[in-house]
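Trainee: The residues making up each chain are set out below.
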Amino acid sequence: MKRRRFRLSRVVVYALLIIFALAFLLPVYVLVTSAFKSFAEVQDLSKMWSLPSGLYLDAFKAAWSGIPEKGLRGLAQNLLNSIYLTIPATVLSAVLGSLNGYILAKWKFRGADVIFPLILFGIFIPYQSVLIPLTQTLAAIGLGGTIWGLILVHVVYGLPITTLIFRNYYAEIPTELIEAAGIDGAGLLGIYWHIMFRLSVPGFVVVIIWQFTNIWNEFLFAVSILQRPALQPITVALRNLAGSQIQEWNMIMAGTIIAALPTLLIYIIAGRFFIRGLLAGSVKG
Amino acid sequence: MKRMGRERWYGFLIVLPSIILLAVFVYGFIAWTVVVSTSEWDGVEPNYAWAGLENFRELFTSEGGTSAIRFSIDLWNTLFFTVLFLLICIAIGLLLAILLDQKIKAEGLFRTIYLFPMALSFVVTGVVWQWIFAPGTSTRLRGVNALLTMIGLDALRWKWYTSTAKVGPFHVALIPVIIAAAWQMIGYTMAMYLAGLRSIPDELREAARVDGASEFRIYRHIILPMLRPITLSALIFLGHISLKIFDLVYTMTGKGPGFATDVPGIFMFETTFQGNHYAQGAAISVVILLMVALVIVPYLVYSFRQEVEL
Numbered sequence: 001m002k003r004r005r006f007r008l009s010r011v012v013v014y015a016l017l018i019i020f021a022l023a024f025l026l027p028v029y030v031l032v033t034s035a036f037k038s039f040a041e042v043q044d045l046s047k048m049w050s051l052p053s054g055l056y057l058d059a060f061k062a063a064w065s066g067i068p069e070k071g072l073r074g075l076a077q078n079l080l081n082s083i084y085l086t087i088p089a090t091v092l093s094a095v096l097g098s099l100n101g102y103i104l105a106k107w108k109f110r111g112a113d114v115i116f117p118l119i120l121f122g123i124f125i126p127y128q129s130v131l132i133p134l135t136q137t138l139a140a141i142g143l144g145g146t147i148w149g150l151i152l153v154h155v156v157y158g159l160p161i162t163t164l165i166f167r168n169y170y171a172e173i174p175t176e177l178i179e180a181a182g183i184d185g186a187g188l189l190g191i192y193w194h195i196m197f198r199l200s201v202p203g204f205v206v207v208i209i210w211q212f213t214n215i216w217n218e219f220l221f222a223v224s225i226l227q228r229p230a231l232q233p234i235t236v237a238l239r240n241l242a243g244s245q246i247q248e249w250n251m252i253m254a255g256t257i258i259a260a261l262p263t264l265l266i267y268i269i270a271g272r273f274f275i276r277g278l279l280a281g282s283v284k285g
Numbered sequence: 001m002k003r004m005g006r007e008r009w010y011g012f013l014i015v016l017p018s019i020i021l022l023a024v025f026v027y028g029f030i031a032w033t034v035v036v037s038t039s040e041w042d043g044v045e046p047n048y049a050w051a052g053l054e055n056f057r058e059l060f061t062s063e064g065g066t067s068a069i070r071f072s073i074d075l076w077n078t079l080f081f082t083v084l085f086l087l088i089c090i091a092i093g094l095l096l097a098i099l100l101d102q103k104i105k106a107e108g109l110f111r112t113i114y115l116f117p118m119a120l121s122f123v124v125t126g127v128v129w130q131w132i133f134a135p136g137t138s139t140r141l142r143g144v145n146a147l148l149t150m151i152g153l154d155a156l157r158w159k160w161y162t163s164t165a166k167v168g169p170f171h172v173a174l175i176p177v178i179i180a181a182a183w184q185m186i187g188y189t190m191a192m193y194l195a196g197l198r199s200i201p202d203e204l205r206e207a208a209r210v211d212g213a214s215e216f217r218i219y220r221h222i223i224l225p226m227l228r229p230i231t232l233s234a235l236i237f238l239g240h241i242s243l244k245i246f247d248l249v250y251t252m253t254g255k256g257p258g259f260a261t262d263v264p265g266i267f268m269f270e271t272t273f274q275g276n277h278y279a280q281g282a283a284i285s286v287v288i289l290l291m292v293a294l295v296i297v298p299y300l301v302y303s304f305r306q307e308v309e310l
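Chains as they are written, first to last, in my numbering: chain A, 1 to 285; chain B, 1 to 310.
These aren't lab readings, by the way, just hints derived from the structure by calculation. In this text, a Cβ means the ideal position worked out from N, Cα and C, and glycines have one as well.
In silico lysine to aspartate or glutamate, EDC-like type, Cα no more than 20 Å apart, as pairs:
(1) A:K47 with B:D154
(2) A:K47 with A:D58
(3) A:K106 with B:E7
(4) B:K103 with B:E206
(5) B:K103 with B:E215
(6) A:K108 with B:E7
(7) A:K70 with A:D58
(8) B:K105 with B:D202
(9) B:K255 with B:E270
Cβ-Cβ distance ranges computed for the label pairs, FRET-style:
(10) B:E203 with A:A270: 30 to 38 Å
(11) B:Y302 with A:V201: 27 to 35 Å
(12) B:V35 with A:V201: 39 to 47 Å
(13) B:D42 with A:G71: 29 to 37 Å
A short list of chain B residues far from chain A (calculated; beta carbon distances all over 10 Å):
(14) S72
(15) L84
(16) P201
(17) L224
Extracted from the complex, chain A is given alone in its bound form (with noise of 0.2 Å):
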């Protein structure tokens, strides 16, 4: 007798995966179409749901360059701040962390199975915990109020990220390259760089990814560290914008999608990599 399978429909599969799709692009639909409304169109609230009627790009160049006579500031220098934060920490983060990985994972040293886990324990703190210290800390050696001193934050706070990362993907090279390469008289950094390094593209594309979205999206540390407003990234110029009651909401929406495009275009690129970086970040972690 043949028995009747419960198989769930292809109906609804499709159905429920199209409305939950739509559920998650509406922030989009109302972000993109309010940026690209005029000021009189974006104060008119009962048109908020509808497409604009043309396409202004008014509030982009306000959030771009700012409306100086109503004393908003523009966030081309944000998004400056922003890159000259990102880029330097994302690459000495990750260059730190492939070498840490690289001992951890091939030249283990006494103790290294103790010290492992310590570190791993700095990606779970939560960063209110060292605030106050680090503040008076940086203030004390000169990088207070510097995105040097944030880009030194983000390196030291990386490390355990991109270490963990890079020590699972050397794990996965085989030890008998290390060994033969041994045996022809290289030593630890001259495998490192005639091996390792030329085997690990595909891991510095996912740390490198990874440390890019989390510093450029990173909010806390910047606001506590940078208070001087034309040194402030992106991320927190934008909350500042948002917070200060202003009615130009397609000038806030355009600022968003201003901060949110690199991180996005990132993503739609190199999603794979993202996900990897995801995936390596917490289901092992």
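Please build the complex by placing chain B on the supplied structure of chain A, with the hints as guidance.
Mentor: Same frame as chain A, now just chain B:
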């Protein structure tokens, strides 16, 4: 052999700077914060005079007055926020993963749509959802309220995150914030579950089908139990995010009317950097740290015991 030992020593020297930096910036600073939390530091200038547990008493007992009231609301908010946020992320994430695993067309497109909020800053999420859930006034409706009126669901209109209504100790104003947080993080649980589903060999399902098991029973008795470790990881990961959450709530609603959407992270930030009550801020940080450690430390210990490849 001797040479290898020397190389190992070099290896240690390479890792050493990172170890020192983390020892100072993580463990040293946590210890320092604990010291501040037991001090009388209340002003711009540091003051490390010993105050014992005074700062904690002010958070947890009635001698703290407004601070204690605020902190108790914060802890309730954290509890409700965490429970609901986890439930929604797990339930919808699992549902989406199962749906995506039905050999459907355009899987990549759907996956991209569900996961893209993960690439955004909590600040971006907060700004957008603040605009969506802004209630407006009864004559000038905004956001979701305007949408509900448009589709004839006036009855569902309410004040969203500006509401002060409570059900027991639960502030309903938290609901819009939870929705925003879930919108951002559901993609993560979905990706985790999908990876888990893909790692289950097809032969297992085939064998069960041959034995006459229905699809429902296959999910119920074979697949879902195999996903349990993933659920645990997801709960830990999302739980620790929710316990220390700050940027999303701070951007979207701030502390809210009557602390309706306040969380310890916001209290800590405001009292420390706007009120200069450093000792109190440190005490709140220590509480947040303890909550997170309670979740994370057993998990790390467990993972290492299991020799799970970390």
